[in-house]
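S.K.: Letter by letter, the chains look like this.
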Amino acid sequence: MKNPLRSEAEAFRFLLGAAVYFGLIAIAGVINHWAGLAVFVVLSVGVVWWWMRARRIEPPLQATPVRRGAPDERRILVIANRRRSWSSRLRSIRL
Amino acid sequence: MTVQAEAHAAHPPEAHQSSRVDARTLGMFLFIASEVMLFGSFFTAYFFVRVSAHTHWPTAGHELPVFVAGINTIILVSSSFTMHWALQAIKRGNRAGLQAGLTLTFLLGLTFLLTQIREYSRLGFAPYTDAFGTIFYCLTGLHGAHVFVGLTLLLAATIRSYRGHYTADAHWGVEIPGIYWHFVDVMWIVVYTTVYIL
Amino acid sequence: MTAVTHDEVHAGPAPPPTGWRRLLAPGWLRVPWMTALFFGIGAGITVLVRWLEGWDPIWKGSVITTVELTAVPFGFLAGIGGFDYWMRYAAGSPTRPEDHSGHGARSWRDYFRINTDHKVIGIQYLVTTIFFFVAAGLLAMLMRAELARPGMQFVDNQTFNGLFSVHAALMIFLFVIPAFAGIGNYVIPLMIGAPDMAFPRLNALSFWLLPIAGFMMLGSFLAPGGAFASGWTGYAPLASTHQPIGSVFFNMGVQWAGASSIMTALNFLVTIITMRAPGMSFWRMPLLVWANFTTSLLVVIATPFIAGSQFFVMFDHVMHTHFFDYQAGGYPLGYQHIFWFYSHPAVYIMMLPGFGIASEVISVMSRKPIFGYRLMALSLLAILVLGFSVWAHHMFVAGMAPWLRVPMMVTSMVIAVPTGIKVFSWLATLWDGRIHFDTPMLFALGFVSMFVIGGLSGIYLAAVPIDIHTSDTYFVVAHIHYVLFGGSLFTIFAGIYFWFPKMTGRMYDERLGKLHFWLTFIGFNLTFFPMHWLGIQGMPRRVADYVPRFADLNMFISLASFGLGASTLVFVYNMVKSWRFGPAAAANPWRSLTLEWQVSSPPPIFNFDEIPQVVGNPYEYGVPDARHAVFNGDRQVELEEVPTR
Chain A
1 MKNPLRSEAE AFRFLLGAAV YFGLIAIAGV INHWAGLAVF VVLSVGVVWW WMRARRIEPP
61 LQATPVRRGA PDERRILVIA NRRRSWSSRL RSIRL
Chain B
1 MTVQAEAHAA HPPEAHQSSR VDARTLGMFL FIASEVMLFG SFFTAYFFVR VSAHTHWPTA
61 GHELPVFVAG INTIILVSSS FTMHWALQAI KRGNRAGLQA GLTLTFLLGL TFLLTQIREY
121 SRLGFAPYTD AFGTIFYCLT GLHGAHVFVG LTLLLAATIR SYRGHYTADA HWGVEIPGIY
181 WHFVDVMWIV VYTTVYIL
Chain C
1 MTAVTHDEVH AGPAPPPTGW RRLLAPGWLR VPWMTALFFG IGAGITVLVR WLEGWDPIWK
61 GSVITTVELT AVPFGFLAGI GGFDYWMRYA AGSPTRPEDH SGHGARSWRD YFRINTDHKV
121 IGIQYLVTTI FFFVAAGLLA MLMRAELARP GMQFVDNQTF NGLFSVHAAL MIFLFVIPAF
181 AGIGNYVIPL MIGAPDMAFP RLNALSFWLL PIAGFMMLGS FLAPGGAFAS GWTGYAPLAS
241 THQPIGSVFF NMGVQWAGAS SIMTALNFLV TIITMRAPGM SFWRMPLLVW ANFTTSLLVV
301 IATPFIAGSQ FFVMFDHVMH THFFDYQAGG YPLGYQHIFW FYSHPAVYIM MLPGFGIASE
361 VISVMSRKPI FGYRLMALSL LAILVLGFSV WAHHMFVAGM APWLRVPMMV TSMVIAVPTG
421 IKVFSWLATL WDGRIHFDTP MLFALGFVSM FVIGGLSGIY LAAVPIDIHT SDTYFVVAHI
481 HYVLFGGSLF TIFAGIYFWF PKMTGRMYDE RLGKLHFWLT FIGFNLTFFP MHWLGIQGMP
541 RRVADYVPRF ADLNMFISLA SFGLGASTLV FVYNMVKSWR FGPAAAANPW RSLTLEWQVS
601 SPPPIFNFDE IPQVVGNPYE YGVPDARHAV FNGDRQVELE EVPTR
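Protein chains in written order, with this note's numbering: chain A, 1 to 95; chain B, 1 to 198; chain C, 1 to 645.
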């Protein structure tokens with residue numbers, strides 16, 4: 001999930017959005033209760049729709065530290081998180 | 001234990017940063033989330049009282065100063081603009097802009113709080129008058145307490161700005177109070193629309 | 001480490017103060033006069049405001065008490081040094097973030113100071129909570145003494161009500177919740193490969209709020225009129241109108257304890273999200289970390305609601321507001337809705353970390369990978385979400401809207417599904433394992449079996465008709481003790497025994513540990529199982545007297561409860577003796593894979609000389625050559641490009 005308050009600038013934009021959102025609802029609500037409700041529903045759906053679309057897909061973080069050791073050092077890649085079936089795993093367990 | 005303590009007397013090792021989010025902003029975000037829930041409990045009480053009243057709202061004999069509070073709202077929201085301006089200034093390395101922005105924000109916030117207290121003494125009803133008075137004073141009072149906390153944070157940032165802290169690259173001490181201040185303003189917009197207008 | 005912002009000017013370590021200056025240095029010498037100062041400030045402001053407004057009387061006991069319950073703790077915290085750093089920071093003075101003289105414990109005295117080391121804070125938490133556990137247990141003994149025979153023997157009605165109220169409040173807010181926070185505090189940074197928590201100073205402050213809350217609640221017995229006596233639930237309008245001033249001690253105590261647990265939860269969340277070792281994705285975190293992650297989310301979201309509800313009650317009590325006063329337009333049932341919106345999630349706050357501890361212990365001690373790791377983590381999240389949708393099952397007889405009953409019954413029963421997933425996963429982990437019956441494992445197994453009984457009676461209680469029959473009877477008392485004593489307490493004991501060698505560097509006495517388990521297990525069942533019968537036959541809870549036909553069973557329960565109480569002495573003796581004289585513990589006595597066991601016992605002051613690289617799942621017990629993490633020293637298995645999921 002994207003943190004809507006990850007910086008002061010984003011929080012400020014959030015404030016402006018909130019002011020517009022509540023301002024419109026308040027104006028419509030003063031004119032007519034049902035108009036207020038309608039504006040509230042329409043705006044809320046719009047905000048949710050916008051938020052779903054606006055979420056950026058961000059690349060995952062580098063999970064390994066910077067390379068240690070000599071640059072020509074030979075290394076073996078071990079895949080330690082391969083999932084095996086439960087039965088084969090049970091067989092390989094040393095009891 | 002003693003031996004180990006001496007072996008590591010110097011600095012703690014830097015922790016691995018496992019998230020793109022900065023720890024301080026995340027902490028402030030979670031704190032704000034819990035503050036929102038605190039306001040949520042007060043709003044729940046507000047709606048319980050309002051729905052169970054079954055009459056015209058606000059109940060008879062309670063005239064709220066919508067206009068004065070509206071001016072007050074504009075004062076508070078404009079303080080968010082000055083806050084944003086202060087931070088933009090220090091990002092460009094403009095210290096005078098930072099100092100002016102923070103001072104203005106602080107003064108605007110203080111004006112809001114004092115106006116609110118002044119309004120309290122002119123309302124003509126008290127927290128113990130009836131349930132409407134209770135919930136009105138508690139919601140606005142809770143918000144006032146948050147303005148007070150925000151002002152305290154702003155005061156610290158202002159003092160530090162005058163004592164030569166913060167640069168274009170390092171201004172966390174302004175950023176975090178700024179986020180909190182915007183939250184306080186958003187919360188006031190919610191309280192004002194709900195309690196005064198709708 | 002955090003808060004080392006670049007805009008700070010660092011000063012060197014402070015020279016030790018001498019002479020009268022010691023009164024100014026943070027510590028116990030500064031506490032008395034700071035506390036007195038804040039008392040004066042609080043009283044002064046109150047009197048000034050009342051004088052300016054012309055209110056009569058100017059000195060009003062209930063108002064002064066409420067104000068001082070806020071001001072005096074601030075004085076205490078300022079005196080002990082909780083705010084020193086921030087005050088310097090706010091004034092723009094040079095701060096000392098790199099002065100780590102307050103980090104780590106070199107003698108027992110360091111446990112009585114503000115200390116920013118998460119390991120020290122964890123032990124502070126655990127010792128404090130066990131103190132309040134014993135205190136609350138003694139209150140329960142008094143209650144059982146009164147209930148041993150029908151009629152009134154030792155205490156009057158109001159005192160009895162105070163006894164069970166303070167007993168429950170202490171057990172919940174000062175034992176179960178913070179004891180889990182203490183274990184989490186010690187273990188989580190180690191488990192995720194971090195040098196400390198994200199906000200060490202906040203961590204220290206949130207610990208010191210805890211004794212304040214505890215002594216406030218205990219101190220309510222000294223208040224005029226006696227302790228708060230409306231149960232730990234403190235239902236309004238009973239709590240807000242018909243209670244002595246001791247009620248405010250409860251309201252404020254809950255605020256302090258709640259602030260402490262919110263700050264700790266926030267700290268846990270930030271630590272877990274931002275400070276994991278490289279390679280430790282969310283799906284490689286040990287289940288204890290997962291459990292504390294979900295619990296902390298619950299705390300951050302739900303705890304403000306109990307803060308709100310206690311504010312309302314306190315305002316109604318002291319300021320005569322009308323939140324719950326029907327005649328002035330208030331809504332009495334609102335209290336229960338707001339209270340249970342926190343307090344039902346709170347039972348998961350009191351249980352989920354226990355699930356995490358049980359998962360660790362059961363997997364290690366049966367030398368097998370935990371069954372269904374992902375489902376174990378996902379079921380925690382499911383409980384988190386569902387936990388917010390069941391609060392009104394506490395209110396079936398409260399007079400709320402009848403249509404709300406059936407949906408709440410259904411959601412309450414649905415929660416049994418994720419819980420059942422966990423129970424069956426533990427059983428499947430045990431299946432065909434090589435089980436080591438060490439004390440932590442005994443407690444973990446005791447937890448699984450007892451929690452199933454508590455869970456089953458919970459399903460009965462979720463069904464509306466049975467709930468209406470057994471509401472406010474000893475059936476409910478039996479249920480809550482099977483989930484909180486048989487559930488939470490057993491896992492706390494399991495956790496304490498499990499990590500005791502890591503925390504103290506010494507091994508506990510295994511024979512005494514086993515003795516403690518069997519005494520507790522048998523005493524617990526003899527005490528609480530008969531309460532099911534009492535409840536079904538209609539003996540009401542929270543009443544000091546009862547009809548004579550319940551006399552025999554009550555005498556039996558009382559005797560069993562004294563035995564149960566005595567079993568705690570074995571535990572305390574074992575802990576004190578082993579901490580002082582126990583044999584030195586190995587770094588990894590349980591042959592566990594998780595990170596906290598890969599460092600010395602007790603760990604170095606900043607946990608890891610170098611941050612480990614996580615390469616696999618934490619529970620691959622019995623799988624040949626499986627590794628959870630590697631250190632730089634392990635050259636032969638050094639890796640790169642480990643794919644994470």
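Please note that a few of the clues may not be correct.
As the list claims (entries may be wrong) - Residues from chain B that face chain A, not an exhaustive set, calculated with beta carbons under 10 Å:
(1) Thr25
(2) Leu26
(3) Phe81
(4) His84
(5) Gly93
(6) Arg95
(7) Leu142
(8) His146
(9) Leu153
(10) His182
(11) Ile189
As the list claims (entries may be wrong) - Here chain A is said to cover these stretches of chain B; the calculated rule only asks that three of the stretch's residues, wherever they fall, bring their Cβ under 8 Å from a Cβ of chain A:
(12) 27-40
(13) 53-59
Said to hold, decoys possible - Far from chain B by the CB rule (all over 12 Å, computed), these chain A residues:
(14) Arg13
(15) Leu16
(16) Ile25
(17) Ile27
(18) Phe40
(19) Val42
(20) Val45
(21) Gly46
(22) Trp49
(23) Trp50
Just so you know, these hints were derived from the structure itself, not from any lab.
Just so it is clear, CB atoms sit at the ideal spot from N, CA and C, and this is done for glycine as well.
S.K.: All hints, please: hold or fail.
M.R.: Evaluated hints:
1. Thr25: holds (5 Å)
2. Leu26: Cβ of Leu26/B sits 7 Å from chain A, so the hint holds.
3. Phe81: With a minimum Cβ separation of about 8 Å from chain A (threshold 10 Å), the hint on Phe81/B holds.
4. His84: holds (5 Å)
5. Gly93: violated (17 Å)
6. Arg95: Status violated, d = 17 Å.
7. Leu142: Nearest chain A Cβ about 18 Å off; hint violated.
8. His146: His146/B check fails; min Cβ-Cβ to chain A is 14 Å, beyond 10 Å.
9. Leu153: The hint is violated - Leu153/B has no Cβ within 10 Å of chain A, the shortest such distance being about 12 Å.
10. His182: Nearest chain A Cβ about 4 Å off; hint holds.
11. Ile189: At about 5 Å, which falls below the 10 Å cut-off, the nearest Cβ of chain A leaves the hint on Ile189/B intact, so it holds.
12. 27-40: holds (count 3)
13. 53-59: violated (count 0)
14. Arg13: violated (9 Å)
15. Leu16: violated (9 Å)
16. Ile25: For Ile25/A, whose nearest Cβ neighbour in chain B is about 7 Å away, the distance does not exceed 12 Å, so it is violated.
17. Ile27: violated (9 Å)
18. Phe40: About 10 Å separates Phe40/A from the closest Cβ of chain B, which leaves it inside 12 Å; violated.
19. Val42: Nearest chain B Cβ is 17 Å from Val42/A, so the label holds.
20. Val45: holds (19 Å)
21. Gly46: Holds, since 18 Å exceeds 12 Å.
22. Trp49: holds (21 Å)
23. Trp50: holds (17 Å)
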